[in-house]
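Number of protein chains: 2
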Amino acid sequence: MHRTHTCGELSADHIWQTVTLAGWVANRRDHGGVIFIDLRDRYGLTQTVFDPKDGEEAWNVADTFRSEYVVKLTGVVRARPDGQSNPNLSTGHIEVVIIAAEILTRSETPPFEISDHTDTKEDLRFRYRYLDLRRTKTLSNVQFRAKMNHFTRNWFSAHDFLEVQTPIFTVSSPEGARDYLIPSRIHHGKFYALPQAPQQYKQLLMVGGVDKYFQIAPCFRDEDPRADRHSCEFYQIDCEMSFVEQDDVFRVVESFIRDLVPSIVPSKSITADSFIRIPYTEAIDRYGTDKPDIRFGLRFEDFTDDFRSSDFSVFRGAVDTGGVVKAMKLEGKSMSRSQIDDLTKVAQDAGAKGLAYIIYEAEGPRSPILKFFSDAEMEALETKLSPKAGDMIFFGAGEHAGVCKVLGVVRNTLRDWFDLADKKHLAFAWITDFPFYEEGDDGRLDFCHNPFSMPLGGMDALMNQNPLTIHAQQYDLACNGYEILSGSIRNHDVDVMVKAFSMVGKDENTVRERFGAMYQAFRYGPPPHGGFAIGFDRFMMILCDEPNIREIYAFPKSGKAEDVMMNAPATVDDMQLAELGIDLTREARENLRS
Amino acid sequence: MHRTHTCGELSADHIWQTVTLAGWVANRRDHGGVIFIDLRDRYGLTQTVFDPKDGEEAWNVADTFRSEYVVKLTGVVRARPDGQSNPNLSTGHIEVVIIAAEILTRSETPPFEISDHTDTKEDLRFRYRYLDLRRTKTLSNVQFRAKMNHFTRNWFSAHDFLEVQTPIFTVSSPEGARDYLIPSRIHHGKFYALPQAPQQYKQLLMVGGVDKYFQIAPCFRDEDPRADRHSCEFYQIDCEMSFVEQDDVFRVVESFIRDLVPSIVPSKSITADSFIRIPYTEAIDRYGTDKPDIRFGLRFEDFTDDFRSSDFSVFRGAVDTGGVVKAMKLEGKSMSRSQIDDLTKVAQDAGAKGLAYIIYEAEGPRSPILKFFSDAEMEALETKLSPKAGDMIFFGAGEHAGVCKVLGVVRNTLRDWFDLADKKHLAFAWITDFPFYEEGDDGRLDFCHNPFSMPLGGMDALMNQNPLTIHAQQYDLACNGYEILSGSIRNHDVDVMVKAFSMVGKDENTVRERFGAMYQAFRYGPPPHGGFAIGFDRFMMILCDEPNIREIYAFPKSGKAEDVMMNAPATVDDMQLAELGIDLTREARENLRS
Numbered sequence: 001m002h003r004t005h006t007c008g009e010l011s012a013d014h015i016w017q018t019v020t021l022a023g024w025v026a027n028r029r030d031h032g033g034v035i036f037i038d039l040r041d042r043y044g045l046t047q048t049v050f051d052p053k054d055g056e057e058a059w060n061v062a063d064t065f066r067s068e069y070v071v072k073l074t075g076v077v078r079a080r081p082d083g084q085s086n087p088n089l090s091t092g093h094i095e096v097v098i099i100a101a102e103i104l105t106r107s108e109t110p111p112f113e114i115s116d117h118t119d120t121k122e123d124l125r126f127r128y129r130y131l132d133l134r135r136t137k138t139l140s141n142v143q144f145r146a147k148m149n150h151f152t153r154n155w156f157s158a159h160d161f162l163e164v165q166t167p168i169f170t171v172s173s174p175e176g177a178r179d180y181l182i183p184s185r186i187h188h189g190k191f192y193a194l195p196q197a198p199q200q201y202k203q204l205l206m207v208g209g210v211d212k213y214f215q216i217a218p219c220f221r222d223e224d225p226r227a228d229r230h231s232c233e234f235y236q237i238d239c240e241m242s243f244v245e246q247d248d249v250f251r252v253v254e255s256f257i258r259d260l261v262p263s264i265v266p267s268k269s270i271t272a273d274s275f276i277r278i279p280y281t282e283a284i285d286r287y288g289t290d291k292p293d294i295r296f297g298l299r300f301e302d303f304t305d306d307f308r309s310s311d312f313s314v315f316r317g318a319v320d321t322g323g324v325v326k327a328m329k330l331e332g333k334s335m336s337r338s339q340i341d342d343l344t345k346v347a348q349d350a351g352a353k354g355l356a357y358i359i360y361e362a363e364g365p366r367s368p369i370l371k372f373f374s375d376a377e378m379e380a381l382e383t384k385l386s387p388k389a390g391d392m393i394f395f396g397a398g399e400h401a402g403v404c405k406v407l408g409v410v411r412n413t414l415r416d417w418f419d420l421a422d423k424k425h426l427a428f429a430w431i432t433d434f435p436f437y438e439e440g441d442d443g444r445l446d447f448c449h450n451p452f453s454m455p456l457g458g459m460d461a462l463m464n465q466n467p468l469t470i471h472a473q474q475y476d477l478a479c480n481g482y483e484i485l486s487g488s489i490r491n492h493d494v495d496v497m498v499k500a501f502s503m504v505g506k507d508e509n510t511v512r513e514r515f516g517a518m519y520q521a522f523r524y525g526p527p528p529h530g531g532f533a534i535g536f537d538r539f540m541m542i543l544c545d546e547p548n549i550r551e552i553y554a555f556p557k558s559g560k561a562e563d564v565m566m567n568a569p570a571t572v573d574d575m576q577l578a579e580l581g582i583d584l585t586r587e588a589r590e591n592l593r594s
Numbered sequence: 001m002h003r004t005h006t007c008g009e010l011s012a013d014h015i016w017q018t019v020t021l022a023g024w025v026a027n028r029r030d031h032g033g034v035i036f037i038d039l040r041d042r043y044g045l046t047q048t049v050f051d052p053k054d055g056e057e058a059w060n061v062a063d064t065f066r067s068e069y070v071v072k073l074t075g076v077v078r079a080r081p082d083g084q085s086n087p088n089l090s091t092g093h094i095e096v097v098i099i100a101a102e103i104l105t106r107s108e109t110p111p112f113e114i115s116d117h118t119d120t121k122e123d124l125r126f127r128y129r130y131l132d133l134r135r136t137k138t139l140s141n142v143q144f145r146a147k148m149n150h151f152t153r154n155w156f157s158a159h160d161f162l163e164v165q166t167p168i169f170t171v172s173s174p175e176g177a178r179d180y181l182i183p184s185r186i187h188h189g190k191f192y193a194l195p196q197a198p199q200q201y202k203q204l205l206m207v208g209g210v211d212k213y214f215q216i217a218p219c220f221r222d223e224d225p226r227a228d229r230h231s232c233e234f235y236q237i238d239c240e241m242s243f244v245e246q247d248d249v250f251r252v253v254e255s256f257i258r259d260l261v262p263s264i265v266p267s268k269s270i271t272a273d274s275f276i277r278i279p280y281t282e283a284i285d286r287y288g289t290d291k292p293d294i295r296f297g298l299r300f301e302d303f304t305d306d307f308r309s310s311d312f313s314v315f316r317g318a319v320d321t322g323g324v325v326k327a328m329k330l331e332g333k334s335m336s337r338s339q340i341d342d343l344t345k346v347a348q349d350a351g352a353k354g355l356a357y358i359i360y361e362a363e364g365p366r367s368p369i370l371k372f373f374s375d376a377e378m379e380a381l382e383t384k385l386s387p388k389a390g391d392m393i394f395f396g397a398g399e400h401a402g403v404c405k406v407l408g409v410v411r412n413t414l415r416d417w418f419d420l421a422d423k424k425h426l427a428f429a430w431i432t433d434f435p436f437y438e439e440g441d442d443g444r445l446d447f448c449h450n451p452f453s454m455p456l457g458g459m460d461a462l463m464n465q466n467p468l469t470i471h472a473q474q475y476d477l478a479c480n481g482y483e484i485l486s487g488s489i490r491n492h493d494v495d496v497m498v499k500a501f502s503m504v505g506k507d508e509n510t511v512r513e514r515f516g517a518m519y520q521a522f523r524y525g526p527p528p529h530g531g532f533a534i535g536f537d538r539f540m541m542i543l544c545d546e547p548n549i550r551e552i553y554a555f556p557k558s559g560k561a562e563d564v565m566m567n568a569p570a571t572v573d574d575m576q577l578a579e580l581g582i583d584l585t586r587e588a589r590e591n592l593r594s
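Taken in order, these protein sequences are the chains called A and B.
Take the first sequence: its position 94, counted from the start at 1, is 94 in our numbering, and no numbers get skipped.
Take the second sequence: its position 115, counted from the start at 1, is 115 in our numbering, and no numbers get skipped.
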C-alpha cells in the first residue's frame, strides 16, 4: 500500500504520528520559503508543509510539483498554528510536516481547472470525464447514486422482495418505443433486443410463484435524447407483487419513499399532503397535467357556467362551442407589463390565442377585459377565488384539453418565476383512474397506457360499458411535477386480455404472437398481481436538484447519444459485420464517407 | 390483499386465529370424505382441511380444485391431531380448517410435474421456466443468487468501495473475445458494443480519483456456449483500487471470501491451506494446470534426472529429446484392469501415447514396465513418492507442456472417480507470476494474458530482460479446479505501455487507437492501481454444487444461445433494419428461408 492514511482521515488524534499519504496535488502556496501543498483524494484534503529546515530533499522534490501530480508524502502530523485552523475541513485542525516526498506520476496541464467553480462546457467535461470526476460535485453525484442503489436494494430485500436479474438479451416487442437490436452471430438473420423494461419477465416471475420481486433494472429505449431522458440505457426500480390490490402497492411505495428520503436526503422533507390520490381527470382539470406539482396552489377553478352568457365574447364563444372557462389565482405577486407580455408568449407557445388576466390593486381590479364582465361574473370570481389586493387572476377559455394544457404550462412558469415551490419539499401525488382506452384522431379505439393493466370491472366492463368510460387499474406517482413512477394491477386473465385487445381491433393471434410467453403462462394458474417501476434516474435528479439527467451518470452519453470519451458509437470492420450476417445500407456507407 | 398470511408462516402461535391464505394447489388427498389440500407459495406449504361438517360450500369448491389452481382459502388454524405433525415443515404442526374457498385462477395440466423429483428435459423446463420456477430447486438457485448479490454489495460498500454503474453501451474493442454490436439509429454506419468487461472504465475511475470501486457488472461476450459459460450475458464482481500493491488486493479478496462463505453457504468450509500462492510455472509443474484443485494431493514429482539413462526407452527417449518424466501417487486406491484401460483412454484423449503405471501390492510392485527399471530408479520413486501397498503410481514422459497437461487431466479424472476431493471443502489457491509474454507458433512475441498488467520490473525489465522471463503482476484465484478470479496490478505508465506494445510489434498509434481514453487519461496523473474480477456465475456454481451454469439464471439461454421461452433471437421487420441503416446479407436471408 502506498499510504498509511487517506487524505480525509487525519485529525487531532493523529498528532505526532508519522504517516504516509498519497494523492493529487490540488493546490500550492509558498510562504517565506515554506511550501504548502493541499493533497487531495476521494476522502478529503490534507494540508502538507515542506520546510527546508525539516527536510531539504523533500522540499526540493515538492518544488517540482505541479497541479494534479500524484505524489506520495511521508511526514509527521501536527496541530495547525493558532488561528490557522479550517473548520470547514475534517482535517482542518492539523497539517503534516513532510520529511520524504516522491512523485508517483506526473500530469500535463488539465484541459480545465479541477474545481467546483469551473464553468467548462459539458462536451469538454464529458470528453475528460476522468478529470471531471475529480471535482467534488461530479463525484458527489456518483456517490449519491451508490447510496440510493444501496438503500433501495437493502430496503426491498429487508421487505422480502426477491432480487431477480432478468435477461438483458431478449426479444423485440412491437409495442412502445423503439428497441435496440443485436444481430445474432449464431442465428444469422435473427436479432436479440435489449429490454425496454422487464415487464413480461416480472409478470412471468409472478406466475412462477416468486411472489415479491424487485430489481434495479437496466432498461433500453432507442428514443431521441432529451434533458430528462438519458440515451441508450437508464435504470428503474422495478417491482412486482402477487395477491395484491392497488392499496397494497401504494402502501409499499409510500413506505419505501418515507424511509428513503430521510436516510439519503435528510435536507429534504416530504410535504404533509403527499400521497394524496388525484383521479386522472381531476389532475387535468385542476393542474392541467397528469404529473402535477402540488407543492403550491394555483389550482384551476371552473367558470364555464358563470360565463355562459357573458358579454365577453371570447369566453361566451368558448362555452358556446362546447369549451370551458377556467381561472387560477396568483397570490400576492405583482407583475410588470413586460412580464405579463412574456407570460402571454408562454401561453401562446402552448397553443393559446392570448392570456386574459385581472390585476387586483388596492384601488380595485384592473384589466382590459373588465369592462365586459357583469356583476354576477365578478361575484363568481370573488366566491371561488377570493382575490385580494396584490393578487392576479389568469384565465383560459376554449376547448377543454387545450385550456388545461395552457394553464398548466402557465402555472409551472409562474412557479419558476416566483419560486412558488419550496425546493426543500418533495410533494408526491398518486394519479389514479386513468382511462383504459382513448379515441385516436381517426376515431378508432386504442389503449391509453399499457395493455397489461386490468380494466376496472374486468370482463363485465369490457362487455357492457362505454369503452371510453372504463378506468384502468393503473397509477402514476408524480413528484414535484415529474412522473417518477408508473404501475398497475395487471390483467392476468387471458380471456379478458383477448377481449381487451379485440376492442382495439387486434385478434387473439396478435396477442399470442406479441406476448406469447405471457399468453401461454396465464393458462397455468397465474396469481393476481401488480407492481410498479420507479424511474431511478429521474427520481435521483429531483432528490439531487440536478436539472440535467446526464450529470447523474458516471460516464454519460452526450445529447447526441455519444460517449465522447470512448468515441462510441464507432465504425467496425466489415469482417465483424459479415460474421453477424449483416451489411450496411448504401445510405449508411455514404453517411460514413460524408 | 388477497391473504392475511403466507403459506410459510403459520405455527402453533396462530391456533384459533382466522386466516386467509392464497397460493397454488400442490397436492390433494381424500380421507373419509375429508379433503386435504397442500397449499403452496414461495414461503412454504400449508395443509388445509375441508370437512363438509365445517363448511359444505367450501368442500364443494375444493372438490373442483386441480393441481396448480390458484385459490384463496379462509379458515381457522388448529393443531394437527396427535402423531400427524410433520417436523420437516415449518408449518408442520398446524393445519387450517377451511370455511370459505374461492378459485382465483385455473390451470391447465402443466407439461411436467411441479416437483423436485422431475427429470424433465432442460429444453422443456426452459420453455416453461415460469412453471420450473415453482420447483424448490429452481427457486432456491434464484434465491441464492439474490443472497450472494446482497451480501457482496453490502460487503464492498461497508469496506468503502464505491459502487459505480459503468456504461452498457460502449465501443468495440479489438482485443479479447468477440463483441456484441448494436447499430446506431442516430449515427448510421456506426455501432455501439456491449462491454466484455468494464476494464477501461474502472481504470478511468481510478484516474478520476474514485480510489476504491466495485460493481456486480453485466458483461457480454459473443462466445460459443459451454457448460461453464452462459451465452450472451454474465456477471462479474468487478473491483479496482488505487495506491495498492498485490498483497493489498489479495487481502481484500481473502477477507471478502472468508466473510462470504460462512454467511451464505455455512455448509461449506474453506480449507486450511487456502490462499497459498503458487507461481504459475509451479502450478503447471505440479498440477498440470493454472487452476489446480488443491483439495487433494496427487501432485506431480519430477523424475527427469532419475530416468536420464534409463533402460526404459520411452522415458530415456523423452529425456534425450529435451522432455521430462513426471509421476504422481494415487494413495490407497486399487483399480481394475478395465478401469486402467479407461484411464489410459483419458490420457490418450489428452494427447498421451499411453499411461505407464505401477501397482504396489502386498507382494511388491507390479507393472509391465518394471522389468526395465534399475534399482536406482526404483529407489528414486521410493524416496520422492513413498509408495505403500495399495498405492499406484502414474507416469508421464515427453515434452513438458504435454506431460503436464495429460497428468493434469488424469489427476482430475482420478478425483472424480475416487471422490478424492471433499465436496464440502472450498480450496482457494492464488496463481501468481504469470509470464508477461509468450511466444506464438510463428516465434513472434505476444501478450500472455492481458496487456493492461504491469510487467514486474517495469521499464527496466522491458529494456534489459529476456522478454519470455518477464513476469506480469497478474494473478488468478483458483477454487476447486475452476478459475474464479483474475486480476492484476495495472500498467499505469504510458511509456511502459507503449514499450510493452512495441515488443509485440504494435506501435504507439495502435495503442492510441485501441485504448484512446486510457492513453489520454494516463497523461493526467494516474494513481498506481490494481484490481480483479470474480466470475460471479462460476463462483456461484461452485458454491451451489450446480454443474450447469445455465441453471443459476432465472431465465437462462439455451445451449444454442436462445431464450426458448421468449423465442429470442427472432426476425425483425425490414423497416426496423432500414431505420438502423443495416441490411441482412444474402446468406442471412437464405438462412432464414431454410
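It is worth saying that the hints were derived from the structure and are not from the lab.
Only a predicted model underlies this, so the values are computations on that prediction, with no experimental measurement involved.
The reader is advised that the hints may include incorrect statements.
Because identical chains cannot be distinguished in the list, a pair is counted as satisfied if it fits within a single copy or across any two copies.
Each computed EDC-like pair below joins lysine to aspartate or glutamate, with the alpha-carbon atoms no more than 16 Å apart [stated by the list, open to error]: (1) Lys121 x Asp228; (2) Lys53 x Asp123; (3) Lys384 x Asp302; (4) Lys72 x Glu245; (5) Lys53 x Asp419; (6) Lys405 x Glu282; (7) Lys121 x Asp224; (8) Lys353 x Asp30; (9) Lys353 x Glu9; (10) Lys53 x Glu108; (11) Lys560 x Asp493; (12) Lys137 x Glu508.
Alpha-carbon proximity context of Lys405 and Glu282, limit 16 Å: within (13 Å within a copy, 75 Å between copies)
Same-copy or cross-copy closeness of Lys353 to Glu9 [CA-CA at most 16 Å]: neither (62 Å within a copy, 64 Å between copies)
Intra/inter-copy verdict for Lys53 and Glu108 if alpha-carbon distance must be at most 16 Å: neither (30 Å within a copy, 89 Å between copies)
Intra- versus inter-copy proximity for Asp30 and Lys353 (alpha-carbon distance at most 16 Å): neither (65 Å within a copy, 76 Å between copies)
Intra- versus inter-subunit Cα pairing at 16 Å for Lys121 with Asp228: neither (19 Å within a copy, 47 Å between copies)
Within, between, both or neither: Lys384, Asp302 at alpha-carbon 16 Å: Within one copy, since 9 Å is at most 16 Å while 99 Å is not.
Status of Asp493 relative to Lys560 across identical chains (alpha carbons, at most 16 Å): Classified as neither: same-chain Cα gap 42 Å, cross-chain 33 Å, threshold 16 Å.
Alpha-carbon proximity context of Lys53 and Asp419, limit 16 Å: Classified as neither: same-chain Cα gap 57 Å, cross-chain 69 Å, threshold 16 Å.
Homo-oligomer pair classification [Glu245, Lys72; C-alpha up to 16 Å]: So Lys72 and Glu245 pass the 16 Å test across copies only (14 Å; inside, 60 Å).
Intra- versus inter-subunit Cα pairing at 16 Å for Lys121 with Asp224: Neither: 21 Å inside a chain and 44 Å across chains, both beyond 16 Å.
Homo-oligomer pair classification [Asp123, Lys53; C-alpha up to 16 Å]: Intra 46 Å, inter 78 Å, cutoff 16 Å: neither.
Within, between, both or neither: Lys137, Glu508 at alpha-carbon 16 Å: neither (53 Å within a copy, 35 Å between copies)
Of the hints listed earlier, those the structure fails to meet are numbers 1, 2, 5, 7, 8, 9, 10, 11, 12, in rising order.
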